[in-house]
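Peer 1: Given next are the chains, with one letter for each unit.
2 protein chains.
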Amino acid sequence: MNWDQVFASRTARMKASEIRELLKLLDQPDIISFAGGIPDPALFPTAEFQAAISGILSGPKAEAALQYSVSEGYLPLREWIAGRMAQLGVPCDAGNILITSGSQQALDYLGKLLLSPKDTALVGWPTYLGALGAFNAYEPEYDRLDPHANRAAADYADAATAKGGRVKFAYLSVDFANPTGETLDRAARLKTLELAEALDIAIIEDAAYQSLRFDGEAIPPILALEVAQKGSVEDCRTLYCGSFSKTLAPGLRVGWVCGAKEVIGRLVLMKQAADLHSPSLNQMAIAEVAGAIFDSHVGKIRAAYCARRDAMLAALAAHMPAGVEWTRPEGGMFVWVTLPKGLDGAELLARSLQTQRVAFVPGSAFFADGSGRNTLRLSFSRVDEAVIAEGIKRLGALLRQM
Amino acid sequence: MNWDQVFASRTARMKASEIRELLKLLDQPDIISFAGGIPDPALFPTAEFQAAISGILSGPKAEAALQYSVSEGYLPLREWIAGRMAQLGVPCDAGNILITSGSQQALDYLGKLLLSPKDTALVGWPTYLGALGAFNAYEPEYDRLDPHANRAAADYADAATAKGGRVKFAYLSVDFANPTGETLDRAARLKTLELAEALDIAIIEDAAYQSLRFDGEAIPPILALEVAQKGSVEDCRTLYCGSFSKTLAPGLRVGWVCGAKEVIGRLVLMKQAADLHSPSLNQMAIAEVAGAIFDSHVGKIRAAYCARRDAMLAALAAHMPAGVEWTRPEGGMFVWVTLPKGLDGAELLARSLQTQRVAFVPGSAFFADGSGRNTLRLSFSRVDEAVIAEGIKRLGALLRQM
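First to last, the protein sequences are chains A and B. This note's numbering applies: residue 37 is where the first sequence begins, and numbers increase by one. This note's numbering applies: residue 37 is where the second sequence begins, and numbers increase by one.
Pulled out of the complex, with its shape left as it was, chain A reads as follows:
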């Protein structure tokens, strides 16, 4: 059978990610890897999950845990999340929360909700690779979102019209973003909001790393800044995507969207048609463990990752040659390195694997336009301090030779 003639046109945009293919090759014990960017499993609250699930499956909630459930998600979990959102400056209730299978699913659903082919999505240069992957299925165009540039709204709108669609949303990760580790300051958040107002578009605020702040002052989410302006989440254009993947456990696949009920209602219908609901047991387990230990557990994770970030920044300062620059993240899992112009991250990786056995992700994959060849992403989340020092030292030595 010639499958190409029955595949939908959108499949042309679904390609194997070079990075993910690369990462598969890096899983060798003698490699020091700054590549992955996933949580350290030693920090999972495994015993707490075991106790919670054991209790659920031996008690009166067992049948509900294994049965079909509602598409919007488990009510006590939605209520707990609504409480956290209120602490972040977004007073809301369970009706403003949809549970998704990780925040990756939230990005997929929001692309599905908002993008017709040829519509424009505004994204950072660079941005989260998984967001581009999710949106690509809906065949959008991309334009560069840069809250620090003074580009007029009309210019964005005209560019989108020329491409055959309309600007539909601005996507951004505001705290310790993947891949740069950078945090958007309050002025830039407000400017993004202003741009969205002028274009009358949605904002997709990816807050996957929000809880992982090590130091510096917390800045309110864009959604909170918008609620402060408008008085109610129901009047807001920002859709906030949260996740338990970086705080409790990614393998359970529990995330959420917080936004106006008008939008949440649409997303509930979409989820009903797409996978009925996220697993009931997983939502119950997350609700119990989050309710019992969220703050203390996240405190532990922050301390561990903070020590690793410190080790990485110290090693970069000690070993990188002049002309190499890097970000100083206040949280999260990533440092973003910019090499002198002319150097190529992919080439560096090839040489590094050969001679130094140190891995990282070349940065160009995170750019919707394929630029950024002289950048790379380093993750410190799964490597202990001594190994970080050694790996960065080797990388510095290699760069001095280039």
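Wrong hints could be hidden among the right ones.
Treat identical chains as interchangeable: a pair holds within one or across any two.
Here are the computed lysine-lysine pairs in the BS3-like style, where the Cα-Cα straight-line distance is at most 25 angstroms [unchecked claim]: (1) K377 - K429; (2) K266 - K297; (3) K266 - K51; (4) K199 - K51; (5) K60 - K336; (6) K97 - K336.
FYI, nobody ran anything at the bench for these hints, they're computed from the structure.
Dock chain B against the given chain A, drawing on the hints supplied.
Peer 2: Okay, now just chain B, sitting in the frame of chain A:
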């Protein structure tokens, strides 16, 4: 904010299902409900899941159970499923299996893979409501698939061209289908395959109820019949969607697609972009419980549902007035009732709720063209035999008055 101007055009097809809204109203203790169509939670292997999960989270697999994982799914589970597929006449390996979050997600992904707007999907009149919901997001047209009609392939192709697209697939549930309870005989399966060959389209074979056969002779899946013709699953156009929701537990959301590696590879990329992977812990738990007790457990479920089907068929024979017809399912959860022309299932439901406190689903919702007003779906899966007898008796009494 005026959300309508940023919503994608596909959202026009995402509507609240009248049935699901209706079902919410029926959850009252004094109502005898033949409406739902979900498994009886008393039949879940709860203790086995508790033991399996407890073992996983206290042993060496704990970290993997809570960590990110690969998009294709947990290898031991895929291997177990491949073994079952071989028993059904489909020799294959783990590379032919994608794990999905329930078979509902498989339907969503297959719609996403195959349907561009205005393409045609062939579906039964009636068909599974959730399949129409999943496909609608991709803005297809529908045409009627009737393996017993002798409609020429060219006629299907011309109708699709006139609607602005191409026929992409035939969707059907072959064993004890939701909603009719009917099983497609071998000749009709072969005829469907022939039609698909002539149109050069895919077949989506929904096998959600396949394991729930009470009596009669098992008929090979369409995919097995096709493998017998072509020699290898790699040359087949049939994509088989399976599920653990009716056999072990729906709340864990584990299903699968079995098909040619060329298609599975595409679906893996799609899943990676859409939700990364189905929850690791859930896949491990299903693999352990299925490996230990699948056949014996399904035997218990079949015996329980068989007794309920028998009670329902006996009660229908005893209490239905002349002119009412119904199917005699060899498995599954549903009996499909056809009322004399002129009677309306929705009207009957309104009167039944008022005077008899008996609920069911009016059949017209299952027709892509809104026809079938004189039909209704009865589910026997969650009602014990005595209550079934009483409910059908009341329904018969009401019908005699109409």
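Peer 1: Confirm or reject each hint.
Peer 2: Okay, the hints, checked on the actual structure:
Taking the shortest alpha-carbon separations for K377 and K429, only the intra-copy value of 21 angstroms comes in at or below 25 angstroms, while the best inter-copy value is 83 angstroms. Taking the closest pair of Cα atoms, K266 and K297 come within 25 angstroms of each other only inside a single copy of the chain (15 angstroms); across copies the shortest separation is 51 angstroms, beyond that limit. In this homomeric assembly, K266 and K51 never come within 25 angstroms of each other (Cα to Cα): the closest approach is 41 angstroms inside a single copy and 29 angstroms across copies. Within a single copy, K199 and K51 get their C-alpha atoms as close as 22 angstroms, which meets the 25 angstroms cut-off; across copies the closest is 30 angstroms, which misses it.
Neither within a single protomer nor between protomers do K60 and K336 lie at most 25 angstroms apart by alpha-carbon distance, with minima of 29 angstroms and 43 angstroms respectively. In the homo-oligomer, the alpha carbons of K97 and K336 lie at most 25 angstroms apart only across protomers (23 angstroms), although the nearest pairing inside one protomer, at 30 angstroms, exceeds that limit.
Hint check: violations occur at hints 3, 5; the rest are consistent with the structure.
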